[in-house]
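Asks: Place chains B and C on chain A using the hints.
If you want the building blocks of each chain, they are given just below.
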Amino acid sequence: MSDRQLLFVQSRAPHGSLFGQEGLDAILMGSAFATCAVLMHGDGIYQLIRDQRSSGTSTRDYSVSYGALGDYGVETVFCVQEDLTERRLVVDDLVIPVSVIDRADVASLLNDYNTILDF
Amino acid sequence: MILHTVNKPPTHAALSDCLAVMASDDLMLLIEDGVYCLHEVSGDSRVHVLTPDLEARGLWDRLPAELTAVDYAGFVGLCTRVDKIKTWA
Amino acid sequence: MRFAITVHGGPYTNQSSHSALNFAKAVLHEGHDLYRVFFYHDGVFNGSEIMAPPQDEIDLYGEWRQLALDHELDLVVCIASALRRGVINPTEAERYEKSAANLGKPFTISGLGQLIDAALSADRLVTFRV
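Residue numbers (my numbering), protein chains in the order written: chain A, 1 to 119; chain B, 1001 to 1089; chain C, 2001 to 2130.
FYI, nobody ran anything at the bench for these hints, they're computed from the structure. The structure presented is a predicted model; accordingly, all values stated were derived computationally and were not measured. Incorrect hints may appear among the rest.
[Said to hold, decoys possible] Here are some chain B residues the structure puts well away from chain A; computed CB gaps all over 10 Å: (1) A1023; (2) Y1036; (3) E1040; (4) S1042; (5) T1051; (6) D1061; (7) P1064; (8) A1065; (9) V1070; (10) T1080; (11) K1084.
[Unchecked claim] Taking beta-carbon pairs under 8 Å as the criterion, some of the chain C residues facing chain B (in silico): (12) A2080; (13) L2083; (14) S2121; (15) L2125; (16) R2129.
[As the list claims (entries may be wrong)] Here are a few chain C residues that face chain B, going by a calculated C-beta distance under 8 Å: (17) T2013; (18) V2027; (19) H2029; (20) H2032; (21) A2122; (22) V2126.
Backbone N, C-alpha and C fix where the C-beta goes; we use that ideal spot for every residue, glycine too.
Chain A on its own, in the form it takes in the complex:
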């Protein structure tokens, strides 16, 4: 059994729903108790676009909170190269450094952690 405990998978875009924001709350709590990693999967990668200005929507810009994950001991935030490409994004568009993996390697990542928490 791996000693890598929790993998949080963020799969939804921000602002259109609360799943990402509440998902991040769960990640921050998880990091206090366990070894955690985060996979920004599919539309989840949209949460990391830099310079979100949400005063006009009255939704919360919580993207900057991803910058605190390192302080909370979250070792890695993963994203998928094909997800970036399909959405016309590059890593420089993102608010934090990420570890980019190929879609073919996602299965291996899922297997590395004991439990998956999907948001």
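Replies: Same frame as chain A, but now just chains B and C:
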């Protein structure tokens, strides 16, 4: 080994996202509106289908031969066979 | 085997709570341990005791309540999600000076630490999403 649950019809990205990531020895369970994905995965023996959801939607007599129907007890059983569960929604 | 369940969907609007309830019953019927059911996002609405569904439809709150009483289950509603959406117990109603409380027993209100504890303590975590 992972059990992947899919709860959306094939017009949604959930099924294709799951198939793109599933390993050859993983299992899939179609639940809720995911049972509408029956024919997209008809030849895939990794795929299981939750019977109450199939019956509720009037699809009980359309189950392809390669797919396995399970009830909720079977759903629990699948969870004990794998290491963890991944949900696609 | 020890299971934990997370419910993301509110009652009736989608099938999340129905599926989770049926799965929870099967877990117990098959002789396994159900460590906790954690209600997150709109799932917190499942704890409202003032739902009044039509007579010919399932009483979701009543079913969860009865299952929890019969099997001494730990049904936990996330406090942050709940406060945001207006699902509160008497303590929080008083704290926030609200006119009523609606969280029904035996649901309890607690923090995300209970979700993480469930994820770490259970052999299998099963999430019912929207």
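Asks: State for each hint whether it applies.
Replies: Structure-based check of each hint:
| no. | hint | in the structure |
| --- | --- | --- |
| 1 | A1023 | 4 Å, violated |
| 2 | Y1036 | 20 Å, holds |
| 3 | E1040 | 18 Å, holds |
| 4 | S1042 | 22 Å, holds |
| 5 | T1051 | 24 Å, holds |
| 6 | D1061 | 32 Å, holds |
| 7 | P1064 | 24 Å, holds |
| 8 | A1065 | 27 Å, holds |
| 9 | V1070 | 21 Å, holds |
| 10 | T1080 | 15 Å, holds |
| 11 | K1084 | 6 Å, violated |
| 12 | A2080 | 21 Å, violated |
| 13 | L2083 | 25 Å, violated |
| 14 | S2121 | 14 Å, violated |
| 15 | L2125 | 7 Å, holds |
| 16 | R2129 | 4 Å, holds |
| 17 | T2013 | 13 Å, violated |
| 18 | V2027 | 6 Å, holds |
| 19 | H2029 | 7 Å, holds |
| 20 | H2032 | 7 Å, holds |
| 21 | A2122 | 10 Å, violated |
| 22 | V2126 | 5 Å, holds |
Of the numbered hints given earlier, the model fails hints 1, 11, 12, 13, 14, 17 and 21; all others are met.
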